[in-house]
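**Student:** So you can see what is in the structure, the chains are spelled out below.
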Amino acid sequence: GAGVSQSPSNKVTEKGKDVELRCDPISGHTALYWYRQSLGQGLEFLIYFQGNSAPDKSGLPSDRFSAERTGGSVSTLTIQRTQQEDSAVYLCASSLAHTGGGKLFFGSGTQLSVL
Amino acid sequence: GDSVTQMEGPVTLSEEAFLTINCTYTATGYPSLFWYVQYPGEGLQLLLKATKADDKGSNKGFEATYRKETTSFHLEKGSVQVSDSAVYFCALGGNTGNQFYFGTGTSLTVIP
Numbered sequence: 001g002a003g004v005s006q007s008p009s010n011k012v013t014e015k016g017k018d019v020e021l022r023c024d025p026i027s028g029h030t031a032l033y034w035y036r037q038s039l040g041q042g043l044e045f046l047i048y049f050q051g052n053s054a055p056d057k058s059g060l061p062s063d064r065f066s067a068e069r070t071g072g073s074v075s076t077l078t079i080q081r082t083q084q085e086d087s088a089v090y091l092c093a094s095s096l097a098h099t100g101g102g103k104l105f106f107g108s109g110t111q112l113s114v115l
Numbered sequence: 001g002d003s004v005t006q007m008e009g010p011v012t013l014s015e016e017a018f019l020t021i022n023c024t025y026t027a028t029g030y031p032s033l034f035w036y037v038q039y040p041g042e043g044l045q046l047l048l049k050a051t052k053a054d055d056k057g058s059n060k061g062f063e064a065t066y067r068k069e070t071t072s073f074h075l076e077k078g079s080v081q082v083s084d085s086a087v088y089f090c091a092l093g094g095n096t097g098n099q100f101y102f103g104t105g106t107s108l109t110v111i112p
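So the sequences go chain by chain: A and B.
For the first sequence, counting from 1, position 101 maps to 101 in our numbering; every step adds exactly one.
For the second sequence, counting from 1, position 47 maps to 47 in our numbering; every step adds exactly one.
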């Protein structure tokens, strides 16, 4: 597609349920990022994929969070046993990977609400 | 590690006022610096960038100069408009492992 696509755009779930958030990056972009944006807060880095390299998971807040990227393209962020503090906008971004700093292209995000 | 510190908001200005949003960074190596903007109800988009010291990024009347001596990348605009109301994020990237670091964002409201 022309841009980064995220689904669903909104997700309401009950505390304790598992959720899966999907990101479809721009074709040809080898770098993929997940960020979390909480109300009134900045962007919190979660995880970063670069090609076939091992992902940088240093931003995942707990072991309830995991992500995978299949075939170097689509990525899924999974949150197990959701808690109310997980409520936030989850943003995916992709970029061409090259030194000197590539431009990030962001999706519109998934608004997650945990009741 | 690398990081970005951004001026806290919110900032409220009258139309045609001068805008400065401060951003300083900590990094080893030679990162690129960015300003992203998030308009109400929209996703983040790149506003401008600078890839090396003394470069000036500019777009839509906004400017920012990469100052290595003061490790800063302050965003400026000479005359803001109501349509500039948005949240502005300073970011650093392209240093080690192509990681990107964002500031906490500064909310700008421009009133007529």
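By construction, these hints were calculated from the structure, which means they are not laboratory data.
Misleading hints may appear alongside valid ones.
Calculated Cβ distances over 12 angstroms to all of chain B for the following chain A residues [claimed, not checked]:
no.	residue
1	Gly3
2	Glu20
3	Asn52
With a straight-line cut-off of 35 angstroms between C-alpha atoms, the simulated DSBU-like cross-links for lysine-lysine are [what the hints assert, rightly or not]:
no.	chain 1	residue 1	chain 2	residue 2
4	B	Lys60	A	Lys17
5	B	Lys68	A	Lys15
6	B	Lys68	A	Lys57
Don't be surprised by glycine CBs; every beta carbon is placed ideally from N, CA and C.
**Student:** Are the hints correct? Go through all of them and say.
**Tutor:** Going down the list of hints, with the structure as the test:
Non-interface call for glycine 3 of chain A relative to chain B: violated, since the shortest CB-CB distance, roughly 9 angstroms, does not exceed 12 angstroms. Here glutamate 20 of chain A stays apart from chain B, with its beta-carbon at least about 20 angstroms from theirs, past the 12 angstroms limit. No beta-carbon of chain B comes within 12 angstroms of the beta-carbon of asparagine 52 of chain A; the shortest separation is about 14 angstroms. Between lysine 60 of chain B and lysine 17 of chain A the CA atoms are separated by roughly 44 angstroms; this puts the pair beyond 35 angstroms, and the hint is violated.
For the suggested pair lysine 68 of chain B and lysine 15 of chain A, the alpha carbons sit about 47 angstroms apart, so the restraint of at most 35 angstroms is broken. With a CA separation close to 30 angstroms, the supplied pair lysine 68 of chain B and lysine 57 of chain A stays within the 35 angstroms bound.
Of the numbered hints listed earlier, those contradicted by the structure are 1, 4 and 5.
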